[in-house]
Amino acid sequence: MNTITSMKSLKELSERTKKDNQKYSKIVTLCAGTGCQASGCSSIITSLHEELKHKGLTEKIKIRTTGCHGFCEQGPLMVIEPENIFYSFVKPKDIPEIVSETLSKDKIIERLLYTDATSGKKITYERDISFYKSQNRTVLEQNKLIDPCNINDYIAQGGYSALVKVLTKMSPEEIIQEIKESGLRGRGGGGFPTGKKWEYCRNAEGSPKYVICNADEGDPGAYMDRSVLEGNPHAVIEGMLIGAFAIGAKHGYIYVRNEYPLAVKHSKIAIQQAEELGLLGKNIFGTNFSFDIKIVRGGGAFICGESTALMASLEGKVGEPRPKDIHTTDKGFNDLPSNLNNVETWANVPFIIKNGASWFASKGTAKSKGTKIFALTGQIKNTGLIEVPMGTSLRKIIYDIGGGSATGKRIKAVQTGGPSGGCLPEELFDLPVDFEALAEAGSMVGSGGMVVMDESTCMVDVAKYFLKFLLDESCGKCVPCRVGLSRMLEIIDDITKGKGTEEKMELLKETAETVSIASLCALGKTAPNPILSTIKYFQSEYEAHIKDKRCPAGVCRELIHYSIDEDKCTGCGSCLKACPHGAISGEKKKSYRIDDDQCEKCGICKEVCKFNAITIS
Amino acid sequence: MHTEKLDNILETTGKSSSELIEVLQEVQKTYNYLPEDILRNVSEKLEVPLIEVFRVANFYKAFTLKPRGEHILTVCMGTACHVRGAPKFLDEVLGQLGIKPGETTEDGEFTVETVNCLGACALGPVVVLDGKYYDHMTAGKLRVLIQKYRNKSCKESKKQ
Ligand SMILES: Cc1cc2nc3c(=O)[nH]c(=O)nc-3n(C[C@H](O)[C@H](O)[C@H](O)COP(=O)(O)O)c2cc1C
Ligand code: SF4
Ligand code: SF4
Ligand code: FES
Ligand code: FES
Chain A
1 MNTITSMKSL KELSERTKKD NQKYSKIVTL CAGTGCQASG CSSIITSLHE
51 ELKHKGLTEK IKIRTTGCHG FCEQGPLMVI EPENIFYSFV KPKDIPEIVS
101 ETLSKDKIIE RLLYTDATSG KKITYERDIS FYKSQNRTVL EQNKLIDPCN
151 INDYIAQGGY SALVKVLTKM SPEEIIQEIK ESGLRGRGGG GFPTGKKWEY
201 CRNAEGSPKY VICNADEGDP GAYMDRSVLE GNPHAVIEGM LIGAFAIGAK
251 HGYIYVRNEY PLAVKHSKIA IQQAEELGLL GKNIFGTNFS FDIKIVRGGG
301 AFICGESTAL MASLEGKVGE PRPKDIHTTD KGFNDLPSNL NNVETWANVP
351 FIIKNGASWF ASKGTAKSKG TKIFALTGQI KNTGLIEVPM GTSLRKIIYD
401 IGGGSATGKR IKAVQTGGPS GGCLPEELFD LPVDFEALAE AGSMVGSGGM
451 VVMDESTCMV DVAKYFLKFL LDESCGKCVP CRVGLSRMLE IIDDITKGKG
501 TEEKMELLKE TAETVSIASL CALGKTAPNP ILSTIKYFQS EYEAHIKDKR
551 CPAGVCRELI HYSIDEDKCT GCGSCLKACP HGAISGEKKK SYRIDDDQCE
601 KCGICKEVCK FNAITIS
Chain B
618 MHTEKLDNIL ETTGKSSSEL IEVLQEVQKT YNYLPEDILR NVSEKLEVPL
668 IEVFRVANFY KAFTLKPRGE HILTVCMGTA CHVRGAPKFL DEVLGQLGIK
718 PGETTEDGEF TVETVNCLGA CALGPVVVLD GKYYDHMTAG KLRVLIQKYR
768 NKSCKESKKQ
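Just so you know, the sequences run in chain order A and B.
The working numbering puts the first residue of the first sequence at 1, with every later residue one more than the last.
The working numbering puts the first residue of the second sequence at 618, with every later residue one more than the last.
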C-alpha cells in the first residue's frame with residue numbers, strides 16, 4: 001500500500017472509497033459491537049454473506065459490519081441504506097427473506113420493524129425513531145458509517161484530514177489555542193479543560209513526553225468508551241496524533257480495560273493500518289513528526305482509571321495512586337511529562353480541528369461545551385448510548401429519548417457519575433446536565449453513566465451497592481478510605497437488615513465527611529457521594545428501614561416476605577415445581593403456600609407464576 | 618521445568634519489567650491461572666523480585682492463583698445489572714453450586730466469578746458462561762442453564 005504524503009493523496013483515497021461504495025445499489029449495515037455480539041450477530045453476518053453469495057448478489061449489495069450504534073437493546077440490528085430501513089432483533093432465519101424481499105424487491109418486512117415503545121407504532125426508518133431523533137450525534141454518528149477494521153471507511157468520512165491540517169497548516173501553539181477556545185473539557189469524569197492540560201504538558205521539562213488514552217472505563221454500568229474505541233478507533237488515534245504533535249510527544253499508550261477484548265482487537269488493527277499508510281510511526285505524512293502507539297491491557301482494577309495509578313500500572317506495577325502535588329503533566333509515566341485524556345475526549349479532537357472551535361463551542365452551556373455521550377440504562381424503555389449537547393435536561397433524556405419507565409412503575413431517581421456520583425430524585429429532572437449543575441446537586445456528570453431507577457429499586461440498597469463496590473476497589477493505601485468505607489458499609493448493612501438506629505445514621509454521615517476530606521485520591525474523596533445524596537433526597541426510605549423495619553421497594557431480603565395471594569392463585573403448581581428450596585407446599589388445583597422459614601427469597605416463584613399471585617410484603 | 622510456553626510468551630511481549638502485567642495476562646490465558654512455578658520463572662526472566670510479582674498478581678482482579686474450573690461463569694455485578702436484579706441470581710447460583718464468588722466447585726466443573734461491567738449494560742442482567750453471553754438473565758433461567766451444562770458433562774463422562 002502506498003503511504004499518504006499529501007492532502008491530495010488522502011483526498012484521492014477518500015474519493016476512491018466513496019466511488020467503490022457507489023457501485024453497490026444497497027449497503028447493509030450490521031452492528032457487530034459487543035452488545036450485538038452478545039445477542040448473536042455473528043451468525044447473522046455469516047448467513048447474510050452466504051445468502052448473498054448464493055443469490056449472486058455480492059456485486060450489488062455490500063455488507064458493512066460496524067461498531068455499536070448505541071441501541072444495543074434492539075440488537076442484533078441492521079440498517080439498510082440508502083433507504084435507511086431499520087430492522088431489529090434480526091435472527092439468522094430472517095436472512096433469506098430479507099435478501100429476497102427487502103434487498104431484491106424493496107419490500108418492507110413488518111415483523112422486523114422497530115415498535116415505538118410509547119405509541120406502539122411500527123417505524124420503518126432509523127431516522128424516525130425517537131431514541132435517535134432527539135439526539136445530537138457527532139462522535140457516535142460515525143460508528144454506523146464505518147467498518148472499524150477498514151481505515152478507508154474512516155478516511156471516506158473525512159478521517160485524518162484534521163491530522164493533515166495540523167501538520168501542514170498549524171503550529172503546536174495554534175492547536176492548543178484552538179482546543180482551549182473550543183471549551184473542550186475532559187470526558188473521563190474530572191472535566192478538566194483539555195487545552196490547558198496540553199499546554200502544561202507542552203511547557204513541562206523532560207523528554208520524551210507521552211500521551212495516554214484512558215480506556216479503563218471503570219464506571220460499572222457505562223460503556224461509552226468501549227463503543228467509541230471499538231467502533232471508531234481511528235478517531236481516537238487521530239486525536240492522540242494531534243495531541244502528540246501539539247504537546248511534542250513521541251510515544252502514546254492506550255490503556256484498555258481487561259474486559260474489552262473487542263476494543264483491544266480493533267485498536268490493534270487500526271494502529272497497524274494507520275502505520276501502513278504512513279499516518280502513524282516514523283516521519284508521519286512525510287514530515288519529521290514521529291509518533292507511535294502501544295496498547296496495554298489493564299488487570300481489572302477500578303482504581304487504575306485514576307491518572308497516577310494508571311501510570312503506575314503502565315510501568316508494570318501495582319496500581320496505587322500517589323499524591324498529586326506534582327502533576328502527571330510534569331512527572332507521569334516513567335517520571336516524564338505525560339498527558340492523559342479519556343477516549344471520548346480524544347475522539348472529539350479531530351472534529352474540533354476540522355470544524356473549528358466555534359462550531360464546538362456553539363453547543364452546550366456557558367461552561368460545559370459540546371456534546372457528551374451517556375450510557376442510559378436501568379428501568380427505562382429505551383436503553384442505550386446517547387449523545388446530546390451538554391445542558392440537555394435529565395427529563396428530556398429520560399422521557400423523550402429513553403421513553404420513560406419500562407415497567408409502568410414511577411421513575412423515582414437517576415444515578416449519574418457512577419461510584420463517584422450520586423442519585424438525583426425526580427424533582428430535579430429539569431436540571432441541565434452539565435459539570436456544574438450536577439455537582440451542585442450532589443452528583444456529577446462523571447464519565448457518563450446514567451442508571452434510571454423506578455419504585456422497585458431500594459435507594460438504601462443502591463447506596464450499599466456503591467459502598468461495597470468502592471470498598472472492594474479501594475487500593476487500601478490510605479486509612480480513611482480503607483477503614484472508613486468499611487465502617488460505613490457495616491452501618492448501611494445493618495440498616496438494610498432492619499438493625500439500623502438513628503444514632504448510627506449520624507455516625508454514618510460524620511464518617512462519610514471524614515473519608516471525603518482525608519482520603520488521598522478521588523476514589524476516597526468522592527466515595528461518600530452515593531451515600532450522602534441518597535440520604536439527602538431519599539430520607540424517608542432510610543427512615544422506613546430504621547423505624548418501621550420495612551423496605552418500601554421490596555428489595556432488602558431480611559425485611560421482605562414472599563407469600564401467595566389465594567385469590568389469584570389458580571393452583572397450577574408451577575411455583576412448587578420451580579422453588580429450589582422446597583419452601584412451597586399445597587395441592588394441585590387448590591391454593592399454595594410459602595413457608596417463610598424455608599424461603600430463601602430468590603424470586604423464582606414470582607418469575608414463573610403466570611397469574612401474578614406471588615406477592616412481596 | 619516446562620518453560621517453553623513461557624519462552625514463547627516472552628518472545629512476543631519482551632522481557633522488560635514494565636511488561637509484567639502483559640506477561641501475567643498471557644500466562645493466565647495459557648494456563649487458565651497463574652501457576653507458582655511459572656511465576657518464579659517470570660520473576661527470574663523479567664528480573665522483578667518474586668514478592669513484587671505476587672503483589673501484582675494479587676492486586677489485579679484479572680489474575681487467579683488457583684486453578685479454575687472447566688466452566689467459567691462470570692456474573693456481571695455492574696450498576697445496570699444490579700438494579701435489574703443480578704444479586705438475586707448470583708446468590709442463587711452460588712447456593713446451587715455451594716461455592717463463593719471466585720471459588721471452584723469440588724468436582725472442578727464450575728468457577729463463578731463476578732465482574733463490575735461487561736459493557737453490554739443495555740442487555741442486563743448479563744452473565745457469560747465459557748465466553749458466551751447470556752442477556753436478560755433471571756434466577757430461574759440461570760438455574761436451568763447450569764443444570765444443562767451439568768447434564769451435558771455427565772453424559773460426556775458416561776460416554777467415555
Ligand atoms: C477512582 C477513579 C477512577 C477513574 N476511572 C476513569 C476511567 O475509567 N476512565 C477515565 O477516562 N477516567 C477515569 N478517571 C479520571 C482520570 O483520573 C482522569 O481524570 C481522566 O482520565 C483524564 O482525562 P480527561 O481529562 O480527558 O477526562 C478516574 C478517576 C478516579 C479517581
Ligand atoms: S483514597 Fe482509597 S483508593 Fe485512593 S489512595 Fe486512598 S485507599 Fe487508595
Ligand atoms: S422466593 Fe424462591 S425460595 Fe421463596 S418460595 Fe419463591 S421460589 Fe421458593
Ligand atoms: S453493540 Fe450493537 S448497537 Fe450497541
Ligand atoms: S452493568 Fe452489567 S454489563 Fe454493564
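Since the hints were derived computationally from the structure, they do not count as laboratory data.
Note that CB positions come from ideal geometry on N, CA and C, so glycine has one too.
Treat the hints loosely; a few may be bogus.
[Unchecked claim] Straight-line alpha carbon distances no greater than 25 Å define the calculated SDA-like cross-link-like pairs of lysine to any residue that follow:
id, chain 1, residue 1, chain 2, residue 2
1, A, Lys-19, A, Lys-354
2, B, Lys-632, A, His-251
3, B, Lys-758, A, Lys-354
4, A, Lys-265, B, Phe-680
[Claimed, not checked] Covered by chain B, according to a simulated footprint, are these stretches of chain A (three or more residues, beta-carbon under 8 Å):
id, region
5, 447 to 458
6, 604 to 612
Hints, verified against the model:
{"no.": "1", "hint": "A:Lys-19 x A:Lys-354", "in the structure": "holds, 23 Å"}
{"no.": "2", "hint": "B:Lys-632 x A:His-251", "in the structure": "holds, 19 Å"}
{"no.": "3", "hint": "B:Lys-758 x A:Lys-354", "in the structure": "violated, 50 Å"}
{"no.": "4", "hint": "A:Lys-265 x B:Phe-680", "in the structure": "holds, 20 Å"}
{"no.": "5", "hint": "447 to 458", "in the structure": "holds (count 4)"}
{"no.": "6", "hint": "604 to 612", "in the structure": "holds (count 3)"}
Of the numbered hints stated above, the single one contradicted by the structure is hint 3.
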